[in-house]
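These are the residues of each chain, in order.
Protein chains: 2
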Amino acid sequence: MYRTHTCGELNLQHKGTEVTLSGWVQRSRDHGGMTFIDLRDRYGITQLVFDLETDAALCGEARKLGREFVIKVVGLVRERSNKNPGISTGDIEIEVKSFKLLNASLLPPFTIEDRTDGGEELRMKFRYLDLRRNLMKRNLELRHRMAMEIRKYLDRQDFIEIETPVMIKSTPEGARDFIVPSRMNPGEFYALPQSPQIFKQLLMVGGYDKYFQIVKCFRDEDLRADRQPEFTQVDCEMSFAGQEDILNIFEGLVRHLFSEIKNTNFTGPFPRITFKDAMDRYGTDKPDIRFGMEIAEITEYTRGFGFAVFDNAEYVGSICAENCASFSRKQIDQLTDFVKRPQIGAKGLAYVKYNKDGTIKSSVDKFYDKDVIQKWIGLSGGRPGDLILILAGDRVATQEALSELRLEMERQLRLVKEDDFAPLWVVDFPLFEWDEETGRFYAKHHPFTSPRDEDIHLLDNDPVSVCANAYDLVINGVEIGGGSVRIHDKDLQKKMFEKLGFTDEQANEQFGFLMEAFRYGAPPHAGIAFGFDRWVAVFSGSDSIRDVIAFPKNNSGRDLMIDSPSALAPEQLKELGLSTDRNYD
Amino acid sequence: MYRTHTCGELNLQHKGTEVTLSGWVQRSRDHGGMTFIDLRDRYGITQLVFDLETDAALCGEARKLGREFVIKVVGLVRERSNKNPGISTGDIEIEVKSFKLLNASLLPPFTIEDRTDGGEELRMKFRYLDLRRNLMKRNLELRHRMAMEIRKYLDRQDFIEIETPVMIKSTPEGARDFIVPSRMNPGEFYALPQSPQIFKQLLMVGGYDKYFQIVKCFRDEDLRADRQPEFTQVDCEMSFAGQEDILNIFEGLVRHLFSEIKNTNFTGPFPRITFKDAMDRYGTDKPDIRFGMEIAEITEYTRGFGFAVFDNAEYVGSICAENCASFSRKQIDQLTDFVKRPQIGAKGLAYVKYNKDGTIKSSVDKFYDKDVIQKWIGLSGGRPGDLILILAGDRVATQEALSELRLEMERQLRLVKEDDFAPLWVVDFPLFEWDEETGRFYAKHHPFTSPRDEDIHLLDNDPVSVCANAYDLVINGVEIGGGSVRIHDKDLQKKMFEKLGFTDEQANEQFGFLMEAFRYGAPPHAGIAFGFDRWVAVFSGSDSIRDVIAFPKNNSGRDLMIDSPSALAPEQLKELGLSTDRNYD
Numbered sequence: 015m016y017r018t019h020t021c022g023e024l025n026l027q028h029k030g031t032e033v034t035l036s037g038w039v040q041r042s043r044d045h046g047g048m049t050f051i052d053l054r055d056r057y058g059i060t061q062l063v064f065d066l067e068t069d070a071a072l073c074g075e076a077r078k079l080g081r082e083f084v085i086k087v088v089g090l091v092r093e094r095s096n097k098n099p100g101i102s103t104g105d106i107e108i109e110v111k112s113f114k115l116l117n118a119s120l121l122p123p124f125t126i127e128d129r130t131d132g133g134e135e136l137r138m139k140f141r142y143l144d145l146r147r148n149l150m151k152r153n154l155e156l157r158h159r160m161a162m163e164i165r166k167y168l169d170r171q172d173f174i175e176i177e178t179p180v181m182i183k184s185t186p187e188g189a190r191d192f193i194v195p196s197r198m199n200p201g202e203f204y205a206l207p208q209s210p211q212i213f214k215q216l217l218m219v220g221g222y223d224k225y226f227q228i229v230k231c232f233r234d235e236d237l238r239a240d241r242q243p244e245f246t247q248v249d250c251e252m253s254f255a256g257q258e259d260i261l262n263i264f265e266g267l268v269r270h271l272f273s274e275i276k277n278t279n280f281t282g283p284f285p286r287i288t289f290k291d292a293m294d295r296y297g298t299d300k301p302d303i304r305f306g307m308e309i310a311e312i313t314e315y316t317r318g319f320g321f322a323v324f325d326n327a328e329y330v331g332s333i334c335a336e337n338c339a340s341f342s343r344k345q346i347d348q349l350t351d352f353v354k355r356p357q358i359g360a361k362g363l364a365y366v367k368y369n370k371d372g373t374i375k376s377s378v379d380k381f382y383d384k385d386v387i388q389k390w391i392g393l394s395g396g397r398p399g400d401l402i403l404i405l406a407g408d409r410v411a412t413q414e415a416l417s418e419l420r421l422e423m424e425r426q427l428r429l430v431k432e433d434d435f436a437p438l439w440v441v442d443f444p445l446f447e448w449d450e451e452t453g454r455f456y457a458k459h460h461p462f463t464s465p466r467d468e469d470i471h472l473l474d475n476d477p478v479s480v481c482a483n484a485y486d487l488v489i490n491g492v493e494i495g496g497g498s499v500r501i502h503d504k505d506l507q508k509k510m511f512e513k514l515g516f517t518d519e520q521a522n523e524q525f526g527f528l529m530e531a532f533r534y535g536a537p538p539h540a541g542i543a544f545g546f547d548r549w550v551a552v553f554s555g556s557d558s559i560r561d562v563i564a565f566p567k568n569n570s571g572r573d574l575m576i577d578s579p580s581a582l583a584p585e586q587l588k589e590l591g592l593s594t595d596r597n598y599d
Numbered sequence: 015m016y017r018t019h020t021c022g023e024l025n026l027q028h029k030g031t032e033v034t035l036s037g038w039v040q041r042s043r044d045h046g047g048m049t050f051i052d053l054r055d056r057y058g059i060t061q062l063v064f065d066l067e068t069d070a071a072l073c074g075e076a077r078k079l080g081r082e083f084v085i086k087v088v089g090l091v092r093e094r095s096n097k098n099p100g101i102s103t104g105d106i107e108i109e110v111k112s113f114k115l116l117n118a119s120l121l122p123p124f125t126i127e128d129r130t131d132g133g134e135e136l137r138m139k140f141r142y143l144d145l146r147r148n149l150m151k152r153n154l155e156l157r158h159r160m161a162m163e164i165r166k167y168l169d170r171q172d173f174i175e176i177e178t179p180v181m182i183k184s185t186p187e188g189a190r191d192f193i194v195p196s197r198m199n200p201g202e203f204y205a206l207p208q209s210p211q212i213f214k215q216l217l218m219v220g221g222y223d224k225y226f227q228i229v230k231c232f233r234d235e236d237l238r239a240d241r242q243p244e245f246t247q248v249d250c251e252m253s254f255a256g257q258e259d260i261l262n263i264f265e266g267l268v269r270h271l272f273s274e275i276k277n278t279n280f281t282g283p284f285p286r287i288t289f290k291d292a293m294d295r296y297g298t299d300k301p302d303i304r305f306g307m308e309i310a311e312i313t314e315y316t317r318g319f320g321f322a323v324f325d326n327a328e329y330v331g332s333i334c335a336e337n338c339a340s341f342s343r344k345q346i347d348q349l350t351d352f353v354k355r356p357q358i359g360a361k362g363l364a365y366v367k368y369n370k371d372g373t374i375k376s377s378v379d380k381f382y383d384k385d386v387i388q389k390w391i392g393l394s395g396g397r398p399g400d401l402i403l404i405l406a407g408d409r410v411a412t413q414e415a416l417s418e419l420r421l422e423m424e425r426q427l428r429l430v431k432e433d434d435f436a437p438l439w440v441v442d443f444p445l446f447e448w449d450e451e452t453g454r455f456y457a458k459h460h461p462f463t464s465p466r467d468e469d470i471h472l473l474d475n476d477p478v479s480v481c482a483n484a485y486d487l488v489i490n491g492v493e494i495g496g497g498s499v500r501i502h503d504k505d506l507q508k509k510m511f512e513k514l515g516f517t518d519e520q521a522n523e524q525f526g527f528l529m530e531a532f533r534y535g536a537p538p539h540a541g542i543a544f545g546f547d548r549w550v551a552v553f554s555g556s557d558s559i560r561d562v563i564a565f566p567k568n569n570s571g572r573d574l575m576i577d578s579p580s581a582l583a584p585e586q587l588k589e590l591g592l593s594t595d596r597n598y599d
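Protein chains in written order, with our numbering: chain A, 15 to 599; chain B, 15 to 599.
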């Protein structure tokens, strides 16, 4: 037997008990005749004591134990003279009678501490050591707890979890698929699912009116900081349900998790904001509403005063940074550089300093008199002491730049308290997005999203104005989930494919089975999917989803620990009837 | 709003209530002036009534509704005159006030009934219709319930579920991998995991002492009836645990599921049997112990009487079929044909009829006198009226053939009651298996399995005798789970790879990261994995795992519904730097 207790559970109640513990040597200290070892396992740390006087041989052996050695000890629980209130076992220590070395360890390439000295690449290569750190342990335990609570809530609401296949069929719409060659069907390929979308809709046709699944999905994209080629989704769908049903049930899920996991209970329903309002007020469809600093449009009060930049702009907008009128020239120059970065792309930044004493100083003083500027201040909600920041240009691009500027000001001013959470629903998304480059419409959400009933008549002549029955859940500026009411009528689905530029043949080849299924009594249905990695990251306070995934890949899609992907044995390719045009070496 | 209630919940307590229901038309009957429609959803069936006299127009519309049409109805709950005790809603019916057609349906290609007229291929092509059948609904609900209970039990035992990656690295050991070409790393490939084995061991090195995961695994095998290229495993691992800990914890899991799901509580611990005993007594390492008919070895009592077949056999064994002495010549001929089938491969079948009157009639009468035959009868446990069936040949092959014969006799005699369950542990498996064809040892379980401590000294000179710390859980003759204590010592692991014929280089290339991890304080650990599809099938009473998987593939690995795998667009292959030597057409 390796242990009677864990390293996290002993306290004064166990005083005098003989116990067996197993774990890792976290650290070791010699104090004169005594050696102290902190023994660590998943549950905590317990202090071991070896007394040179009582048992010199044992103490000598203990002094040979290095960091991360694995040992089993037998000893007596006793009260510490020097208590440590910082840990749950801080009142006791173990007077060791005997121990056994279970495994030795090389010196780890970085310290197993909260603030480790290891860089990310090194920690990824030795991920099994990185996983020993408290941060990772807390995050993975949180992830487990959240998954358990999601299942508990949905099960209680009569949802059933149904596994959909991982080896499916490639569909060129959307992002790039990862593919899997079939040996038994030469020349043919499976694809890994970007989401179980079509299968969950087929489950609705199959009568499973409340489905969910916590499921891996796959996208072969060029990776950005917060993307992984494989990621986890909480995928949900309901039949005989409309937008209001989905929002109610899943607001309940979000509340349940906040309550159970973060001990946070929200009063009143989550705010709802239309896509248009979100863009107008925050410049983004995933606003962080934990702080104000909303965008004001001042276009009409900037025209006709001879300032060409504003006169020629489609849109002029501002945000008001409280108590920042005292910003230095250098600070404002830095903000200007910030908005001119290619990722943001503004041409410049105008400002108005509304000083504490009521005077006004602006970068566009020479074009606008005080009354006009006072108007801008009024629209921006400025008070004496505030700084108004102004951008101009095309409407959407400028709103998006103002959003970035707003978030940057929050970072500088630290307006948001840690562990403050502000969920909201964004609704009434447009159904289509026009793509200049390819000269065609794309589905803003996906091609199965239903237009609002009242907008269907606009599909032919004014598609840009058609709103979708689609919705996103946003928490703290992070899009946590999104979904829509689906089309369940084969004719409307056909029309949607037409609008998206599919030929009948293409639609049939890729989604023929779904269109066919719609001919056999498809019920009205709607759904939502949550990005589980991101949700856990938001709850854990992590910046990166890599901190909440046990074995993530890096930005080149590589697993540095197992060194994957890798070359295959030539026989494997041969058996699949494949050849690669790259040389192995 | 689509519904106030489901089609499974209304009863006399709702009498007089106005309700809204949505669902599918299961069937429709006209009785004179009345039309009755059975409305179906996931929860049950509710009878709708339309009265020609009260509302001729409505009744006329209702008569146009075909099978599987989707409707929403509003009506009044009233007591039925003609109650149906067979269904939960059998006391009431709905007097329909109005209804709305939500979607029409073509006539389904097979009936949506428990005993459908659809063949398997047709049902797979229209799986979304097959899923509407009660059998599939019960099985998928059972599957969900079992997954929930597994998670509940393991969570209570402090296990945490951790997701391991789906895109990993190909390792030629074991079955064939499915592979995934990497676009970002040209010429390189990921593989889909055959199991999370290595990752769960790395989690143990990482300090997560109680891990589990309900997870998809993948094997590119030539498919047999009960195999799927993707299947689901309940994957578990513990640190600081030996065989006894695993058997205790997971016997608890199995008991929990039997108790919660099947309302079956076993008294006393599950039986344990060694691999050797299982082979000797049942001819298989997954014995069905719900009935006796154990194998008896009679080799030594068959030699030296001049019957060459027995004299030359390594092994002669028998089973005793109770009350079958009256079997006809034809029945015995059929059994002979059965054991001579190539899958079983026996050369012939000898028998002894121990008649009710005490007389004996045997197919080998002329070689053996009554005393000798009486000895066989005694060893086989025969009583007057029984039939002794005897096979001879090589030991293992003959035991296996006797096992098949034993199962065939059970099928003929129906010795087992439905819903009778007999779980047991099989232990003390050999560590190695010798493969004649390749002339090398293979790991009976897998290369990470630890030999028993007391057998380690045999590794070099007598590897065949080395027993592994490995165990299987068997229920009703089906292997439901298996696992082992793992090697955690790098030197022993290295030795194991040597014994399995790996060069240092191969071992390093494929498992270098695991060997490396073992150098940094790997704890003793052990684990088990359950075949979830099979477990659900056993609990559901299904013969095939296809009946407990929502969207299974057929024996050629094809999904007939979505027609996958399929050819790719040439650009997709080009982007991956791949070409296939098969022609598309």
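One thing to keep in mind: the hints can contain errors.
Copies of the same chain look alike in the list, so a pair counts if it works inside one copy or between any two.
In silico SDA-like links for lysine to any residue, alpha-carbon gap of 20 Å or less [claimed, not checked]: (1) K431 / H28; (2) K588 / G201; (3) K114 / G306; (4) K166 / G132; (5) K224 / R56; (6) K504 / E93; (7) K588 / T185; (8) K504 / F83; (9) K114 / G80.
It should be emphasised that the hints constitute simulated quantities derived from the structure, not laboratory data.
Against which earlier hints does the structure fall short, listed by number upward?
Those not satisfied are hints 1, 3, 4 and 6.
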